[in-house]
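Since chain G is already given, all that's left is putting chain F on it; use the hints.
This is what each chain is made of:
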Amino acid sequence: MFFLQILLHSLVVGTQVVLLAVPLYLVYSSSKIFHLGLGATGISVAYALWFALKSGWSLPMAIIFALICAIVLGILSFALLEKLAKKKEHLFGLLVSFSFGLCLEAIVAIMFGTDGKFFLTTPLPTIRFSELYLTFPGVATLIAGVILSVLFLIIVAKTPWGRKMKAVSENSYLLASLSFNAGTVRLFVLIIASVLAGFVGIMTTLNSNLTPNAGFSVIVLAFIALLVGGVNSLKGTILASYIVVLIPELIVGLSSGQYSISLSWKMVIVFVVAAIFLTWKPNGLLTRKARVE
Amino acid sequence: MVIRSIADLSSRSYLRFAVVEMTIWRALFTKTMNLAKMTMLYLLIIKFKSMKLFSQKSLALLVPVLAVVLLLSGCVSQPPAPKALETIKIGVIAPMSGDAAAVGEQIKKVFDYLLPSINETAKNEGKQYQFIYEDGKCAGSEAVAAYQKLTNIDGVKFIFGGMCSSETLAIAPLTKDGSTLVVSSLSSNPALEGASPYTFTFSYSDDVMGKTLAKEMSKYERVALITEQTDWNIGIQKVLLDELKANYPKVTVVANEVFPKGATDIRSTLEKVKKMAPAALFLNPAPGVTAETLVKQMAELKEWTGCTMFGQTSYIGESNLKVAPEITEGMIVVDAPKSTNSEFVTLSGEIETAKGTISDLGAYYSAAIIDSTRIMTKLISEFGNDPIAVQKALKERTFSGFISNDINFKNSSFPNIGGGIYKVIDGKAVYQQ
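Keeping their order, the protein sequence lines are chains G and F.
Under the numbering used here, residues 1 to 293 are what the first sequence spells out, in order.
Under the numbering used here, residues 1 to 433 are what the second sequence spells out, in order.
Excised from the complex, chain G in its bound form (with noise of 0.2 Å):
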């Protein structure tokens, strides 16, 4: 039982770095540019929620609030992003993200103050399975986890907009040439980034408590997570999110009494991991090895 509430939680926390990783392998995908700016738009989008709840708004104008809020900061990650992708100045774009983050983390801060806050401040409602327990933000967690993740598989191996999100930025020329706007496939792309990121945002916060740099540790996981799985590849994303996740939390969970491993190596774990398997697989776990010509 001990094992499996531990499995449980490592599968939550890892979910919560799928969610993250998705929209980032999503925005790379269309853009070549690793947006890590995602985290801090999560955090903004949470807080969002947060003071329109707080301000009394019913919870679903309070959920309207926190889309829109996710929407605009797509459309200005857009904006920040969009000459870059098209310059092919990837470097340039990945340090963009990373301060457009840093700005939003410090917005947020002068706004709201630096300190934690909560959704409820009462210990949240559980679900509980025998002697097994889940938060109701950890089951949601999982279920969209799983959803989302079987959703975007098949959008971006068999549909044709996953086929076109990938062709705008291996080759825009020759996509305008078939009268596709590569602009308008990034702006969509981005925005379904924000949105997807402010979902696992408001998840990871409810779970815990919102601070505002709280994203920064998520999107680091998930950087990871892509390296990891490829930067070219969705599932192998996937798989390593949870691999970069799980191994170092029941590393952590499961060493107890006199052999107990702190929480506080966690972090250092994750690294050796991700180092362990980058050298291994250097061009991601699923990757296949191609022709070069």
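It should be emphasised that the hints constitute simulated quantities derived from the structure, not laboratory data.
A few of these clues could be false.
Within a straight-line C-alpha distance of at most 20 Å, the following computed DMTMM-like cross-link-like pairs (lysine to aspartate or glutamate) qualify [as the list claims (entries may be wrong)]:
hint, chain 1, residue 1, chain 2, residue 2
1, F, 127, F, 154
2, G, 32, G, 89
3, G, 117, F, 105
4, G, 117, F, 318
5, F, 274, F, 303
6, F, 378, F, 112
7, F, 302, G, 131
8, F, 423, F, 326
9, F, 176, F, 193
10, F, 149, F, 135
11, G, 117, F, 382
12, F, 109, F, 125
13, F, 274, G, 89
14, F, 275, G, 89
15, F, 238, F, 193
16, F, 395, F, 406
Positioned in the frame of chain G, the structure of chain F alone reads:
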């Protein structure tokens, strides 16, 4: 008159117009004007004009705007004060942001409330005090930056703070040359003992807290600890473990978990601790959000029956106790003895009425801030803005205050204070002994 003559010097009609306008404002707002500053302003405008930085139209607009700014910013001289008071600046380093911001805010409330009464007393000595607040963020590096700003830019020679042990431990080495005297009210890490001859704290030492906790927890055979990774919390954990090992061999520490500072998800750690089935569990988070998160996540886990909870200062305030009463009710909290002095009770009530709640500080630390402020300002009024002379007096004398009637630093950086035991009853930490 002077302004008009300056205006006559200019052949430009727009400038003359603007200066006349300023004269009217001057007549409206004050009867005297700082001639030197006005002349400088005039010369600047001429210079800007020659540099073609402004068009004629914008220059005509600029003059009245600048005049308003000068009037509002105090360029206009005020009526002379009846007696010149020497202003002594005192820095305050406290966590104004971050997880412990709520505590920092309450510390500021106490200082803000005390300042007028202190200045009223100091007026007789020809002095007045000014507090300059800097954010230490409960972190050593931030506290050092705040210290450098206060000493190098503001020129302060006395600092109240840091308030977190991490802050005070970081700035203590910088005071060794005696250029600044640092007095904390809340820092309790035993490593502060002798850290610098010019660093003192009005808090009790964690040694006292650790020993009192060890004595209370020794009633149980299987004990566990959950500690946040901060200097203050690690200090308490170390003293408690050393004391249990040295004096209570029958007690077994079945779990000793440490989690990172500001961690938001502590559920796996709590599962590990619960699996070891301790009879007593010491919760050792930093004050603020983490303390609240810890008990909330424990409440989600449920089934802590048969395990007696122990806490420290983080659970003395009501805000952290009310979020998960199923965990905190009955908790034994070790802190300093409660001040029952009636004057203190009245004063803290007045502070709460005037400035809002200070409950997260607890009675001891509120009293410690009041005592340290009163004692230090009294000594500064007596010995002047001289940290070495004030430090000498602080070490040699014995003081009476709300925290004790025998506050002395003759052989220690800490005052001579014992530990107090509280029990949480109906959501409040009630003093037991």
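Restraint check for residue 149 of chain F with residue 135 of chain F, where alpha carbons must lie at most 20 Å apart: 11 Å, holds
Residue 423 of chain F paired with residue 326 of chain F [C-alpha distance capped at 20 Å]: With Cα atoms ~14 Å apart, residue 423 of chain F and residue 326 of chain F stay inside 20 Å; holds.
Pair hint outcome, residue 32 of chain G versus residue 89 of chain G [Cα-Cα no greater than 20 Å]: 9 Å, holds
Pair hint outcome, residue 176 of chain F versus residue 193 of chain F [Cα-Cα no greater than 20 Å]: Holds, at roughly 13 Å.
Restraint status (C-alpha distance of residue 117 of chain G to residue 318 of chain F at most 20 Å): 17 Å, holds
Pairwise hint evaluation, residue 125 of chain F against residue 109 of chain F, where the allowed Cα distance is 20 Å at most: 25 Å, violated
Agreement of residue 127 of chain F and residue 154 of chain F with the hint, judged by alpha carbon distance not exceeding 20 Å: 18 Å, holds
Straight-line alpha-carbon gap residue 117 of chain G to residue 382 of chain F, limit 20 Å: Answer violated: residue 117 of chain G to residue 382 of chain F is near 45 Å, above 20 Å.
Straight-line alpha-carbon gap residue 238 of chain F to residue 193 of chain F, limit 20 Å: 15 Å, holds
Given hint residue 89 of chain G paired with residue 275 of chain F - CA-CA distance at most 20 Å: Distance of about 52 Å is beyond 20 Å: violated.
Restraint check for residue 274 of chain F with residue 303 of chain F, where alpha carbons must lie at most 20 Å apart: The given pair, whose Cα atoms are some 9 Å apart, holds under the 20 Å limit.
Proposed proximity, residue 89 of chain G with residue 274 of chain F (alpha carbon, max 20 Å): Cα-Cα ~52 Å, so violated.
Figure legend: structure checked against the earlier numbered hints; hints not met, in rising order: 11, 12, 13, 14.
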